[in-house]
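If you read the sequences in order, they're chains C and E.
Here the numbering used here is used: the first residue of the first sequence is 1, the next is one more, and so on.
Here the numbering used here is used: the first residue of the second sequence is 1, the next is one more, and so on.
In short, the hints are calculated from the structure, not lab data.
Since the model is a prediction, treat every value here as computed from it, not as a measurement.
Don't take every hint at face value.
What the hints assert, rightly or not - Sample of chain E residues with no beta-carbon within 10 Å of chain C, all distances over it, derived:
| hint | residue |
| --- | --- |
| 1 | E71 |
| 2 | M82 |
| 3 | R179 |
To be verified - Quick look at which bits of chain C chain E covers, simulated, 3 or more residues with Cβ under 8 Å:
| hint | region |
| --- | --- |
| 4 | 207-214 |
| 5 | 323-329 |
By construction, the Cβ of each residue, glycine as well, lies at the ideal position given by its N, Cα and C atoms.
The lines below spell out each chain.
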Amino acid sequence: MLPDHTGTSVYRNARIVDPSRGIDETGTLIVTDGKIVAAGANTLNQGSPEGAETHDCTGQTIVPGLVDMRVFIGEPGGEHRETIASASKAAAAGGVTSLVMMPDTDPVIDDVALVEFVLRTARETARTRIYPAAAITRGLDGREMTEIGNLLGAGAVCFTDGRETIASAAVIRNAMRYARDFGALIACETQDADLSAGGIMNEGLFASWLGFSGIPREAEVLPLERDLRLAALTGAHYHAAKISTEMSADAIRIAKERGIDVSAGVSINHLSLNENDIGEYRTFFKLSPPLRHEDDRQAMIAALADGTIDVIVSSHDPQDVDTKRLPFSESADGAVGLETMLAAGLRLVHSGDVSLSRLIEAMTAGPARLLSIDAGTLAPDAPADFAVLDLDAPWVLDAEALHSKSKNTAFEGARFTGRVLQTVVAGQQVYSA
Amino acid sequence: MNAATDFPIFPHSHLLGIAGLSYPDVETLLNRANANVDVSRQRDKKKSVLRGLTHINLFFEASTRTQASFELAGKRLGADVMNMAVASSSVKKGETLIDTAMTLNAMRPDILVIRHSAAGAAALLSQKVGCAVINAGDGAHEHPTQALLDALTIRRAKGRLDGLTVAICGDVLHSRVARSNIILLNTMGARVRVVGPSTLMPTAIRQMGTEVFTSMREGLDGADVVMMLRLQRERMGQALVPSVREYFRHYGLDAAKLAHAKPDALVMHPGPMNRGVEIASGIADGPQSVIEEQVEMGVAVRMAVIEALLDPRKNDGATG
């Protein structure tokens with residue numbers, strides 16, 4: 001259950017980074033009854049309110065609670081991998097206060113009743129905010145459109161077929177046309193099923209030596225370019241959910257220059273890792289899209305820095321031991337990521353590739369704006385969802401210490417600098433290191 | 001005949017591939033194998049170096065020839081050999097590899113020979129068991145004993161490997177034999193060419209230490225060794241090659257194409273052959289063919305690998 005906060009709390013002497021308002025300054029954050037009253041340098045002009053609970057945050061950084069718009073959860077249907085409750089624990093530990101849950105559950109979230117189930121379960125069991133994404137097509141089968149209007153009304157925040165690419169240009173075109181009338185966001189991962197058939201990893205030298213069929217970069221960009229053309233044709237708001245190649249970034253850049261209403265996301269894995277991390281067939285690095293070449297990773301970072309990429313997602317994808325303790329080619333795709341997204345992202349800041357405010361923007365205000373949800377900001381009256389960080393704390397990830405039910409992390413044993421000290425949702429602490 | 005102690009200690013716990021082996025590692029294995037050829041040609045073919053040790057063949061893909069070759073190798077060294085016909089047993093997919101490995105490990109084998117359709121299967125197994133593992137073919141990745149027996153065959157015929165030009169022809173894309181050979185021949189100083197249609201080449205073949213040809217005439221020009229690869233008939237249905245007729249005409253080894261290689265060029269094939277698809281019958285059985293020697297060298301090489309991995313001088317703690 002989301003906590004109920006009453007009274008006033010004051011967080012003093014913190015570095016406050018709020019890209020939604022262009023703020024990066026030392027100051028104070030004041031919360032009353034679960035809402036932000038003020039956050040910034042000049043908030044204590046009238047002095048601290050009577051009876052307020054005061055926290056000294058010297059040396060610490062406060063950022064808006066992270067918004068992760070691509071999280072795979074196993075409830076309903078795969079509760080052994082992850083439940084809404086366990087995902088929310090993992091989220092809280094990673095500074096994520098709002099997450100969007102993918103519809104590829106069993107049954108699929110393609111019906112109002114499922115949206116209501118998720119929202120109810122979240123209300124009863126989750127400690128962070130959970131937003132359902134609904135399917136674009138019934139049963140994710142790429143044919144019949146779901147009740148986009150009704151699903152939106154019930155609380156779905158965007159529409160996506162999850163890992164599936166809609167093969168039919170006619171179906172995706174109609175979904176975009178229809179969704180535009182409701183102002184609904186269409187979010188797609190693109191991978192051409194034929195071109196990537198049998199593919200195990202990124203096409204290239206590494207796959208050639210291992211004798212694996214490769215997944216060419218073109219498998220991602222061909223359906224993406226189709227979708228971008230259809231977005232231009234229909235005027236829909238289209239989000240490329242998880243791009244991984246330089247060509248995809250170029251395609252998005254060109255579409256944006258043409259004034260098409262498109263946005264793009266990248267998973268933290270594709271900003272942090274490349275195909276060489278797979279090493280000796282480590283299945284926790286088997287992802288979809290596959291980890292690419294270092295040149296592609298560099299292109300993702302550049303596209304993030306220049307604003308071509310709008311959001312960073314964890315692409316949190318819990319997988320059971322049974323589906324990962326297999327030969328690489330037979331193993332399932334996916335890695336958990338809610339708890340490591342911020343720490344892995346901070347590597348890019350420490351290395352000077354991306355500014356802290358740009359990184360935080362892509363994890364807060366960026367996704368909140370796309371989803372039109374009241375999150376990702378420390379502006380007055382916004383929900384008091386935020387994370388308190390120590391940007392310089394060194395730590396090593398122990399997979400067994402993860403809060404997620406599944407431990408398939410691509411960062412086992414990784415050294416990080418910067419961690420979450422506490423996470424606050426609606427004014428109440430939901431995680432403390 | 002050499003005693004086992006005449007050879008340097010092989011510094012690896014497993015043979016998972018040719019990748020990772022040094023020039024001296026390969027040299028040692030070939031020298032050991034060469035000594036074993038004589039053992040295999042005696043009336044009494046048995047050595048007793050492995051008496052009391054257990055050797056298990058774990059073949060997830062059926063292969064009569066390779067399995068028989070490993071079995072003979074183990075038996076000639078005096079080991080107890082057990083064949084696990086996993087391919088034909090009722091083991092369900094998904095729970096096969098690691099579960100089977102744990103079961104077998106409990107039987108305390110000394111050497112496990114594995115063939116599996118997934119690249120990396122031998123490496124995965126080696127992490128889960130407490131004995132030496134030999135990769136007898138993992139997907140399209142590696143088949144190290146095949147490359148070693150090919151090298152031994154060439155070395156015995158030509159007296160050397162360095163400086164030779166070897167043309168590997170045909171379906172390189174799906175061939176673990178080709179990958180292991182490319183690595184081994186490069187390690188030993190040979191010049192490696194690959195010849196075949198682009199649809200049957202790995203996408204990054206040009207970065208794999210080979211010269212790439214799409215014409216047999218050019219690819220075979222002046223070659224010392226012509227190594228043919230098997231073409232599976234399924235490839236026709238996968239839009240990789242149009243027909244057997246067209247393939248044989250352009251890429252099948254016949255007398256006219258072989259004439260471009262050196263007059264004393266060796267003709268090799270890892271078997272089983274598709275006569276009339278990748279190789280003409282007359283060439284397979286002709287004077288330049290060393291295909292039967294390859295089979296004979298197979299046993300000698302596998303004996304050498306097993307002996308090298310179970311070298312008694314490597315007792316406890318010797319890992320690599």
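Comparing the hints with the structure gives:
E71 of chain E, annotated as away from the interface, keeps every beta carbon of chain C farther than 10 Å; the closest lies near 24 Å. A cut-off of 10 Å between C-beta atoms confirms that M82 of chain E is not in contact with chain C; the least separation is 23 Å. Some Cβ of chain C comes within 10 Å of the Cβ of R179 of chain E; the nearest lies about 6 Å off, and the non-interface call is violated. For a cut-off of 8 Å, the count of residues in the region 207-214 of chain C with a CB near a CB of chain E stands at 7, and the three-residue condition holds.
For the region 323-329 of chain C, the proposed coverage by chain E is satisfied: 5 residues have a C-beta within less than 8 Å of a C-beta in that chain, meeting the threshold of three.
Hint 3 from the list above is the single one not met by this structure.
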